[in-house]
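Please construct the entire structure, taking both the sequences and the accompanying hints into account.
Just so you know, the protein sequences line up as chains R, G and E, in that order.
Using our numbering, read the first sequence as starting at 588 and increasing by one per residue.
Using our numbering, read the second sequence as starting at 130 and increasing by one per residue.
Using our numbering, read the third sequence as starting at 2 and increasing by one per residue.
No wet-lab data here; the hints were simulated from the structure.
Virtual Cβ for every residue (Gly too), placed ideally from N, Cα, C.
The reader is advised that the hints may include incorrect statements.
Said to hold, decoys possible - Listed below are several chain G residues computed to face chain E (Cβ distance under 8 Å; list not exhaustive):
hint, residue
1, M298
2, M307
3, P321
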Amino acid sequence: MDQTRRALCVQHLDIQFSTPHGMARAVQEVSFDIHAGEIYALVGESGCGKTSAAHAVMGLINRINAPGHRIGGRVLFEDKDLLSLTEEEMCHVRGRSLGMIFQNPLDALNPLYRAGYQVYEAIVLDKIGKIEAWRRVAELFNQVKLSDPEARMRSYPQELSGGMRQRVMIGMMLARNPRLLIADEPTTALDVTIQAQVLELILALRAALEMSVWLITHDFGIVAEIADRVAVMYAGVLVEEADVLGIFDNPRHPYTRMLMASLPRGFKRDGRLRTIAGLLPDPTLEIPGCRFRDRCPAKIEVCATQAPALVEITPGHRVACHVAATVKGDLPP
Amino acid sequence: MTSIWKALREAGRNKSFLVGLAIMASLIAAALLADWISPYTYDEMVIVEALRPPSGQHWLGTDHLGRDSFSRLIHGSRIALKVGAIAVTIQTVVGVLLGLLAGYYGGWQDRVIIFLTDVIWALPPIVLAIAICTLLGPSLTNVIIAIAAVSWAQFTRIVRSKTQALKNMPYVEAARAMGESDLSIILRYILPNVIPVIIVLATLALPVAVVNTTALGFLGLGAQPPLPDWGVILSESMTYIRRAPWISIFPGLAIIYVVLGFNLLGEGLRDALDPRLKV
Amino acid sequence: MNPLVEVSHLEKHFEIRSGLWRTVSSHVRAVDDVSFAIAAGETLGLVGESGSGKSTVARLLLRLITATGGSVRLEGREVTTARPAEMKALRRKMGIVFQDPAASMNPRAKIKWSLRRPLVTNGFEHARIDDQILAMLAKVNLGPELLNRYPHQLSGGQQQRISVARALLLRPRLLVLDEPTSALDISVQAQVLNILLDLQEAFGLTYLFISHDLNVVRYVSDRVAIMYLGKLMEIGPVEAVLQAPRHPYTQGLAASSPPMSPHQRGRQRVLLAEQPPSLIDLPTGCRLHPRCPFRQTICEETRPELRELAPGHWAACHLAENLPAPQPRDT
Ligand SMILES: Nc1ncnc2c1ncn2[C@@H]1O[C@H](COP(=O)(O)OP(=O)(O)OP(=O)(O)O)[C@@H](O)[C@H]1O
Ligand SMILES: Nc1ncnc2c1ncn2[C@@H]1O[C@H](COP(=O)(O)OP(=O)(O)OP(=O)(O)O)[C@@H](O)[C@H]1O
Ligand SMILES: [Mg+2]
Ligand SMILES: [Mg+2]
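What follows is the structure, given as structure tokens:
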């Protein structure tokens, strides 16, 4: 891949949390690149480590919220390794070229200040004039398509609906002209009608501002709607990565394939859904071999001893599975 | 109810909880074993021995009637704990019942009960207690009534708000959908989830009750001489505070000991049982 | 065909009290003149945005809250006015499963206790209670080892299956499922949906299935009802309502819900504008008109009633016959 067209490069990211039962490996040896201008989706079920990975990249895991944690690997962004920056340097990066929006925007907005002022504060950091800054706030509120932007600027966060708050958050991030926007389940708390509007907005802004978006979600519908490339995560490891058509039309990892088959697509008469027997492995246990082994219908002997590496099987399509190349057609039940 | 035991075991690792527990144990032991521990009875007067400072014979000295201060102090703990415990039990039962009623049924029941708690809260508790005791006449029974009457409201308030939150929980709605009666829901589904809060509140209410008992005794509205109530001892010793300060110092320290012990205990319990609870 | 459940002109207006004397200052019209029926053995899907009144309908069916108007009949017997003894008998015929599996069981009691209570309180023979519980656990693919655990010691999927088992212990005819899989992961959702379909076949159960996920509703339902701001907008067979919706609101919902494959990107989309208005201050005429892309003067003035546009397919829209045909969605 062309070096200059990489917005973010994550190499061997490893995150461990200290728990009463020992160190829990939330993210293991995860490596991926996000290209400039693309929407890169990270999908996986609850607890697989999506948020942890994003928080590590943002430098949000610290001694206070996760005492005794360990983070390994490298995160290259704008020629810097984010994991080696000091908190002060990281603040500078966060304030400018790296933005993040969260599942619940109410947690991220201060209930004591008006929405417009909070965006204004984010801009004034850039040392532009006051009047200029307020003009820019109005512009941003227009840009994120808030209806009646003048009134919305004067509203307090709790007076806004979920969709409007998420727009304010996006506006606040755009104020810094980020090169990469990390969106962690940005629409999970919203109704589908409002979700559609927010996704539309993200698409429009990506095109207008040429930023990259790292979209974290558990909803394959959202992935189908806006992602360019997709990575699937299971129990802290990346199991498959491909462009969106590759994941939907030709999934190779047994986990991805079973997950796709467990989505309700048709009617009752079309038969039962595929289920994945078993539970997630205990994150505090050291597991030799493949982490999905216990639940995999296609496992072979080597799966018990050797952890499969993420290898490219066709251009742009990476899979971490010993049998991905051999098992074609339907998986055994 | 395993989780309460688990929380208690957790509290066992908390230093202030352990100190509080030790203080409570020593107080209960003193109260129960008062007759064996104290070298004299609490009302044995030896006038020639009056106002003696602490010595080998009278560890904490003697009062103006020549009674042994140590024996009176130990016997006083019996009164303090007994009155405190009974008053707290009454205010807990009354307060919790009203709180469950108001929180669960809402409507006019709620409005009446909340109005009552507002009235209680609007008046300074000790003034109200003095008024009640003056009205009913001085006696330990009336002290218990007065203390319970001024302190049930906080139980009602907190139990009510907890109940309001719990009654809308899906598991309570599910219980109703399965045909559980209101009484069964209150006793089996709501009360067990309020108990941790009640335990903490009761622990923190006890020292308040003890202080109020002594205050009423001091004012002559509670226990009557020769009963060795700490408040009574304090009021009798006021005249001699310059000549014989030990008579008043030790009951004062005893009160501080009780307040400290139960507050440490209550805070330890609160941290273990329900860290979000701010009383 | 005799319906198992008949709801007619059901209405729930919550009072909003304010001021010193807590006087009623306004009403939230959470459910307003809603009528539908569910046949025995059928699944009716109920869809709508947050706050449209879906859960309120569910609670009214089981009389967990009292209706301010209208009637609910189960097997021809009136639920809204039943006396306590009759109500207890009616309750045994209805079960409910809630969205939040973790909050659906008494946190201080073991699973065994939670499963025994419905049987004990309804006077089942003590000797047979444990056998019944074990048999029901097997039906939801769980083993007896869970009985001695507390709810927080189970996974979300296990908790939700226990909720289903508990609701079915009394052998109800109707099971109300209020977003039973919204809090679950995809693979766990599939488990729970499969079990629900299996149980329906085994016991001939009737479901009211509430969800905001159109794909899930399409998969489980025989008929679908669409709700908006307390009113039914459209009701009919699942294929008709979800594949060829006649109401602009349903069209908007269908267009907003994410596609099942990236090949469906760029499909024609009728997006609904803005946010839904407040339930206290409802729009005149058709409740949808401020958000509707097709609105005309009549929509602002007259409230549309449900009209049968095709056999069994009803929609409440003045313009239903004159809307541009929506693109059918392939599945
Ligand atoms: N501060 C922390 N201390 C200990 N463990 C943590 C901490 N943060 C996360 N974890 C654990 O790390 C694992 C991954 O969590 P993470 O929040 O990254 O998952 P996720 O994929 O974002 O899940 P979800 O879809 O539920 O948001 C989980 O097992 C979680 O319990
Ligand atoms: N006890 C209550 N008092 C006042 N208003 C209420 C009460 N219960 C519900 N409401 C209101 O009634 C309306 C409908 O609520 P309901 O819970 O039925 O919606 P819903 O369709 O289930 O939404 P969701 O998808 O968010 O669960 C909402 O506006 C809600 O605020
Ligand atoms: Mg997350
Ligand atoms: Mg609901």
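Here is what the structure says about each hint:
1. M298: At 5 Å from the nearest chain E Cβ, G/M298 passes the 8 Å test, so the hint holds.
2. M307: holds (4 Å)
3. P321: holds (5 Å)
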